[in-house]
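Asks: Residue strings, one per chain:
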Amino acid sequence: MLTPETRNAYHTLLDAAVLRPDQPDASAIIFVATDAQPITITRADFQARTLAYAAGLRKLGVQAGDLVIIAHLQNLESIDAFWGALRMGAIPSMFPTLTEKLDPDIYMRNMNALVRRSGVRLIFTSDEFAPVLARTAHCPVVGSSELAGLASAAEQASFQPHTPGEDDIAFLQHSSGTTGLQKGVALSHRAVLNQLASYARAIDLRPDDVIVSWLPLYHDMGLIAGFIQPLVQGIPLVLMSPFDWVRHPALLLRAIHEYRGTLTWLPNFAYNHLARRVRGHDLAGLRLGSMRMFINCSEPARHESHQLFLQRFGDAGVREEMLAVSYAMAENTFAVTQTPPGRPPRLDIVSRQALNENRLARPATPDEATTILVSCGPTIPNTQAKVVDEAGRDLPERRVGEIAIRSDCMLTGYYKRPDLQPFTEDGWYLTGDMGYIADGEVYVVGRKKDLIIHAGKNIYPQDIEAIVNDVPGVHPGRAVVFGVPDEREGTELIVVVAEVDTDDPQERKAIARAIRQAVARASDVTVGYVTLVGPKWLIKTSSGKIARGANREKWLRQQL
Amino acid sequence: MPNLDETVVREKLRTYITHELIRDPDYDLADDEGIITGGLMDSFALADFAVFVEREFGVYIPDPDLTVEKMDTLNQMVARVLKG
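Protein chains in written order, with this note's numbering: chain H, 1 to 560; chain B, 1001 to 1084.
Isolated chain H, as found in the complex (with noise of 0.2 Å):
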C-alpha cells in the first residue's frame, strides 16, 4: 500500500495497484443500484476497459496534456474516461452532468465559458447528451459508446502508454460556480501521491478496508477519498450513483451491509438524511458493525447530526468512537486534517459571546450561552496549519481568524489563470475559512466570504443573485442570496430575498414560482425560501451595495 514509508515507490498514478498485472481477478469496483444487479470490475476488467479509452481518445488526437471534460452521469463508463485520459497522458476534469432539471442551453453557456478559457480539447458525456452538447459545444463531444468502439483489438494490443512526468498535472477538480468564475485546480501527480500516503496514515488504511461510497466524482471528496484512494490503493470500492442514494438512501446502508464496508465519507447533511429517511421496513437486519469510520467532511459537523445519526444507527451497530471528522479542500488535494480512528471527535463547549464578539474561543463558564464545536482533528502528517489575522500574523490557539495551510500535497496552479496567485509568499496557501487552533486541532467556525454550504456544494451567492435579478418582476439589482443553518436538514437552506413593483398577491405568487424554477433551471440548487419585499425593505451599505449580512440578520429576525 502507499504509505509515508512506501512512497518513494510510487512515481505517478500508473503506479496505482488497480493497475498492476498482480491480482487480475481482485474487485476493484462494485457498482450497486436500486434497481439492478450489482456489477463487480475486476483489476483485469479495469485494465481492459481503461485501455480501449486510452486507445480511443489517442485515436480522436487526443494528445498528451490536452484537457479533457468528462461529464457524464456517474457511472462506470465516466471512471473508464478518466483513467482512460490518464493512461494516455491527457488532464482529465470531472464535471456535473446535464440533469432534467437544468436548462441545456444555460449549461452549455458555462460549459463553453470553460471550454474557452481552459482550452478543452474534448467533452465526453452520456451517448443519450452528447449530440444535445455537440449541438452548441465550441470543441469536439464524444459519447460512451463511441469512444469505446473506437479502437480496433489490434490498435488497443499496440498501445504505447504514455509516461508522465512526476510533477506533471494529473488532473484538474473544479471548484463550484456557475457564472465563469470556474476555477481548475491543477494538480500533480506527485501531489495526489504525497496526499494519499499521508491520508493512509491519518486514516490508519489496511488491506482489509472496504470503501463505500454515494458521492460524486466531480467533488473532492468524491473523487479523491471515493474514487481516486481505493483505486490507487488497491482496496475494494462500493460505488453508487449520487442521484441514486438520495432518493434511496437505504442503499448506502445495504451496501455497508453485504460488502462490510470499513469507510465512508459524508457532507454532515447526509447523516440527517440517512438518520430521519431511512424507512424501517429497509433498515430491518442491515448491520454496520463492519465499519470503522464515518468521515464527516466537506460542511461544518454538527454535534446534533452525529447525535441523530447515533441513536437511529445504534442498534445496527453504529457507535460513537465510528464517528470521525475531515477538514478538506480540493486545493490540498483533499483532506487537511483528520480526527484519529477509534475515539470520537472531541467538542468544544465555547463561549458564544466571547466567540461572536471577541473571536474568542474560551471554554464556557457554567452560567454562560455556548456554542458547540466539532473538531476536525489535527493535521495529516504531511500538512500544516495555522491561523492568521487580516494582516496575515500569527495568531495565538483559541483566537479566530483565517486559516493558512502548508503541504506537500497542493495544487500546482490554477489552470491557465497565471494572474491567480494561490499562495502568500512565504508558501502558505490561504483557505477562506475562519477557525482556530486549540490543543493541536483545527475548528472551523465559518467563512471569510459569503459562501453558502448547501448538502455539500459550495454555492457562491453572487451567481444566484444574478439568475434571481434576471427574473421578470424582480426590481433588478434588488435580490439578495445568504444561506441559513437549518436543524433538520444539517446544512445551510438558500435564501432569497427579491423587491418587486406589484403588491398583487397573484403577481406576487408567479414570481415566487418564477425565481424558483429559473434557480434550479440555471444552477441545479434548489432554493429554501422565497421572500419578496416592496421598496424600501433591503439594507445597503454606504456605498449602495446590498449588504447580505444585515439582510439575513433582519430576515433571521424576522422568522421569529
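To be clear, the hints were calculated from the coordinates, so they are not data collected in a lab. Backbone N, C-alpha and C define an ideal beta-carbon position, used for all residues, glycine too. You may find that some hints are simply not true.
Said to hold, decoys possible - If you want a taste of the chain H side facing chain B, the calculated C-beta under 7 Å gives, among others:
| id | residue |
| --- | --- |
| 1 | D35 |
| 2 | E100 |
| 3 | T526 |
Go by the hints and put chain B onto chain H.
Replies: Coordinates of chain B only, in the frame set by chain H:
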C-alpha cells in the same frame, strides 16, 4: 388497510408539500405541477415523501417507484398512495 379517501389524501399531501418541502404555506400548488422538475424541491425530498406516506397512510412505496419520473406531481403521488 382502511380505504383511503382521495380528497383527504390529496389535501394532506398538498399541505405536507407546501409546508414541509417548499416551506411556503401560501404556495398554490397545482395538481399537475412538476414539483422536482419545476425546482420546488430537491430530489432527496422523495425520500422524505416516502417516510411521510408510510407514517401518515401506512403505505410503503418501494424504491423503484421513488423516481422523479414517477413522483413529480401531486397527481402522481396521490395515485401511488391510493394504490396502497
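Asks: The structure should be examined with respect to each hint, and the outcome stated for every one.
Replies: Each hint tested on the structure:
1. D35: holds, 5 Å
2. E100: holds, 6 Å
3. T526: At about 4 Å, which falls below the 7 Å cut-off, the nearest Cβ of chain B leaves the hint on H:T526 intact, so it holds.
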